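Chemist: Sequence:
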Amino acid sequence: MLALLILGTAALRVGFALAMGLGVDESYMVAAGRHVALSYFDHPPLAWWLSHAAGVVLGWSPLAVRAPFIALFALSTWLMARLGTLLYGERAGLWAAVGLNLAPVLGVTSATWVLPDGPLLAALLAAAVGFARAMRLDGGAGGMRWWVFAGLAAGLGMDAKYSAALVIGGAFLFLLTSGAGRRALATPGPWVSGLLSLALFAPVIAWNARHHWASFAFQGDRAAGAVFRPWMPFVVWAGEALFLLPWLWLALMALLVRALGRGPGEARGWFLAWLALPSVVLFAAISVWSRQKILFHWSAPGTMMLLPLFGEECARRLAAGERWVRRCLAGSAVLVVSGVVLVGSQTALGWLPRSLWRNHLPPDVEAIDWSSLRAALARRGLLARPGLVVAATRWNDAGKIGYALGPRVPVTVLNRDAREWGIFAPASRYRGRDLLLIDAHGTEASVQARYGPRFARLEPLPPVAIRHAGRVVFRVRLWWGTGLRAFR
Numbered sequence: 057m058l059a060l061l062i063l064g065t066a067a068l069r070v071g072f073a074l075a076m077g078l079g080v081d082e083s084y085m086v087a088a089g090r091h092v093a094l095s096y097f098d099h100p101p102l103a104w105w106l107s108h109a110a111g112v113v114l115g116w117s118p119l120a121v122r123a124p125f126i127a128l129f130a131l132s133t134w135l136m137a138r139l140g141t142l143l144y145g146e147r148a149g150l151w152a153a154v155g156l157n158l159a160p161v162l163g164v165t166s167a168t169w170v171l172p173d174g175p176l177l178a179a180l181l182a183a184a185v186g187f188a189r190a191m192r193l194d195g196g197a198g199g200m201r202w203w204v205f206a207g208l209a210a211g212l213g214m215d216a217k218y219s220a221a222l223v224i225g226g227a228f229l230f231l232l233t234s235g236a237g238r239r240a241l242a243t244p245g246p247w248v249s250g251l252l253s254l255a256l257f258a259p260v261i262a263w264n265a266r267h268h269w270a271s272f273a274f275q276g277d278r279a280a281g282a283v284f285r286p287w288m289p290f291v292v293w294a295g296e297a298l299f300l301l302p303w304l305w306l307a308l309m310a311l312l313v314r315a316l317g318r319g320p321g322e323a324r325g326w327f328l329a330w331l332a333l334p335s336v337v338l339f340a341a342i343s344v345w346s347r348q349k350i351l352f353h354w355s356a357p358g359t360m361m362l363l364p365l366f367g368e369e370c371a372r373r374l375a376a377g378e379r380w381v382r383r384c385l386a387g388s389a390v391l392v393v394s395g396v397v398l399v400g401s402q403t404a405l406g407w408l409p410r411s412l413w414r415n416h417l418p419p420d421v422e423a424i425d426w427s428s429l430r431a432a433l434a435r436r437g438l439l440a441r442p443g444l445v446v447a448a449t450r451w452n453d454a455g456k457i458g459y460a461l462g463p464r465v466p467v468t469v470l471n472r473d474a475r476e477w478g479i480f481a482p483a484s485r486y487r488g489r490d491l492l493l494i495d496a497h498g499t500e501a502s503v504q505a506r507y508g509p510r511f512a513r514l515e516p517l518p519p520v521a522i523r524h525a526g527r528v529v530f531r532v533r534l535w536w537g538t539g540l541r542a543f544r
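Here the sequence shown stands for residues 57 to 544, where the numbers follow the working numbering.
Here are the computed distance ranges between Cβ atoms for each label pair: (1) 377 x 525: 43 to 51 Å; (2) 384 x 440: 53 to 61 Å; (3) 435 x 541: 26 to 34 Å; (4) 473 x 410: 29 to 37 Å; (5) 302 x 349: 17 to 25 Å; (6) 482 x 504: 18 to 26 Å.
If you are wondering where the hints come from, they were derived from the structure by calculation, not from laboratory data. Every value quoted in this text rests on a predicted model; they were computed, and no experiment measured them. We put the CB at the ideal spot given by N, CA and C, even for glycine.
Go ahead and model the full structure; you've got the sequences and the hints to work with.
Modeler: What follows is the structure, given as structure tokens:
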């Protein structure tokens, strides 16, 4: 049954990956990630390395660069089943794996797209399995090898996304708040585990030290602010529930409260509750004062750790003959699969009438590759110009442009918010050079007013249509900039 779940859902994700181009964040990571580094401006390097390796080995198609993430989620499904089995038995493990695949933010986006969350989920689940074995929560023998395994997996989680620290920190709080955990802290195991994870994360620290702590500052700024919005935690939790499936999120929160209420005497539930609690609480708390938008998927890796409790509850109720549980799970599966088919087919075929969007771009526009841009520039002979450098006005457009044009065309960003482009391809590097400027947002007058002074001359060129599924979706404006002036 578990093998069928893994293979069936993986096949569905392959179809989903084939149906759509890379999203904005995906294009950015793939295009900027062609530059290999110890770390990157937005996130640690693991997801960037995976997409780059897949592109080099398999080619740069959307399915190719997504392949490692689809494979990693198959591993995550197995690891979730393993964790649930260790703690509550085989049936609980199976239903925990089912729950993982039902949550759209986990089983669809993180499981398919080029995002840091794919390797993060697999690494954290592996760390949880190692930690549970090391702490003998399964009734086994434990041993140093499991502490080593947990530490290595935790280090890989930190190399995927900084928020792994919340789940790892939750494991440390479990040790502090349980008698068995405090006894374990008096042995070398947890400390060896921590040192190993820190060693794997050390290159990210070194990269930040050499780049003025740019990545740490960027992520840390999301918690800064000077506002007071006491209602925002409820908005954040509502968004998280929507991303996870509202009824699934409510069930997980109820199980979290119950596990906390039972206390450390029920070590397995106490362990899972502490893995989840920092993520569930912290992002909601930050939203009270932060001027930045709290994204609803940030807490999902922590909330995921409650799924073995969900699996145990499903197994118990189904064994008691409560058939409504199976109907609810089946209905959720139909809803999620229908949503995937609807979104994938609309993105691939554009079958919904454009009149639905009136004067706005269709909502699937972010999943459209700008491949028609390369063909149009080639027809005009612009790609054949010696030493061509392309400049975008936004970092996200630079991702779309860089992915479409390929690794041989340098791309930079004429904006102070250049993200990774400002690290490895800063505009200052091209001072005095002629650039092809591409903008997808401003009017001719606004672009001329903003960027004209940065060149000795800025000459407009005919715009280019971005096409998809046989139709023009939107147009981008082009300028030929002569002699880029000083830019910081």
